[in-house]
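Participant: Produce the complete structure using the sequences and hints provided.
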Amino acid sequence: MDNLWIIAREASLLLTNTIIITGLVFTVILLLLRNWASPPSEPQPPSLPETIPFISNTILSLTDLPAFTSKVARTFRQTNSNVLTYHLGPKKVYLVQGPDNVAPLLRVTNDGGSEAFIVGILGPLEMDKKDIAKFKRDTSSRLKKKAPWSDTPEGERVWYGLHKVYEDYMTRTMLDGKPSDRAPRDDPTYAGTIATPPDREMKVRWKRLW
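All residue numbers for the sequence shown refer to this note's numbering, where the first residue is 66 and numbers rise by one.
In short, the hints are calculated from the structure, not lab data. Glycine is no exception: its CB is placed at the ideal position from the N, C-alpha and C atoms. The reader is advised that the hints may include incorrect statements.
What the hints assert, rightly or not - Pair ranges (Cβ atoms, derived):
hint, residue 1, residue 2, range
1, 111, 215, 25 to 33 Å
2, 84, 139, 36 to 44 Å
3, 186, 124, 38 to 46 Å
4, 198, 89, 51 to 59 Å
5, 162, 221, 30 to 38 Å
6, 208, 181, 13 to 21 Å
7, 111, 155, 17 to 25 Å
8, 218, 156, 35 to 43 Å
9, 85, 121, 18 to 26 Å
10, 188, 109, 39 to 47 Å
11, 154, 210, 47 to 55 Å
Facilitator: Here it is as structure tokens:
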């Protein structure tokens with residue numbers, strides 16, 4: 066009886082493994098068929114080569130990032146292209162190189178990203194409408210160097226001022242466990258970009274946020 070039970074258990078495990086492997090193979094085949102059955106209507110960038118479609122590059126990027134990065138750099142050189150594609154599982158990923166190609170992706174807009182979220186809650190947080198308008202007008206990015214496409218004057222770069230205050234003062238305070246030696250309003254980069262906050266404590270109406 067014991068031998069029969071062992072044989073039955075091994076047969077059950079074998080059947081389970083077979084079902085799992087078959088399911089994985091079937092999934093890969095479906096993904097390949099879907100990709101081939103609906104070719105893109107427009108020319109696509111070169112693809113990152115891989116031995117097993119949808120799997121090889123995914124595993125390499127998750128287990129050996131230096132090797133994956135070297136492969137990407139080598140493919141960029143071989144294809145002489147600034148854009149590559151590869152599949153991270155079923156998801157198609159675009160890889161972009163070169164400052165002229167990357168910069169537009171980092172452009173500050175008011176229709177998406179964290180900037181849109183921040184602008185959306187400034188009103189409920191009772192910020193002055195004139196200051197909110199400054200955030201909406203600023204398209205210079207949060208970087209120290211102003212975005213080349215932006216016509217925002219240096220003195221009106223509120224996104225960079227906000228980023229600098231957070232990095233130079235708030236983050237340092239959290240890491241050191243003590244207040245910064247200088248107040249943000251004393252920083253010439255920050256001064257003048259935002260109106261002086263009222264002396265009274267800001268009343269945050271949380272219900273408006275939801």
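Participant: With reference to the structure, classify each hint as holding or not holding.
Facilitator: Consistency of the hints with the structure:
1. Restraint check, residue 111 to residue 215: a C-beta distance of roughly 32 Å satisfies the suggested window 25 to 33 Å.
2. At about 39 Å, the CB distance of residue 84 to residue 139 agrees with the hint of 36 to 44 Å.
3. Between residue 186 and residue 124 the CB atoms are about 40 Å apart, so this pair conforms to the stated range of 38 to 46 Å.
4. About 54 Å separates the C-beta atoms of residue 198 and residue 89, a value consistent with the hinted range of 51 to 59 Å.
5. Between residue 162 and residue 221 the beta carbons are some 32 Å apart, a value that agrees with the proposed interval 30 to 38 Å.
6. For residue 208 paired with residue 181, a C-beta distance near 18 Å keeps the hint of 13 to 21 Å intact.
7. For the pair residue 111 and residue 155, the beta carbons lie near 20 Å from each other, so the given range of 17 to 25 Å is met.
8. Roughly 40 Å separates the CB atoms of residue 218 and residue 156, a value that falls within the hinted 35 to 43 Å.
9. For residue 85 and residue 121, the Cβ-Cβ distance of about 20 Å falls inside the hinted range of 18 to 26 Å, so the restraint holds.
10. As the Cβ distance of residue 188 to residue 109 is approximately 42 Å, the hint placing it in 39 to 47 Å holds.
11. The hint said 47 to 55 Å for the Cβ distance between residue 154 and residue 210, and at roughly 36 Å that hint is violated.
In summary, the structure is inconsistent with hint 11 from the numbered list given earlier, while agreeing with all the others.
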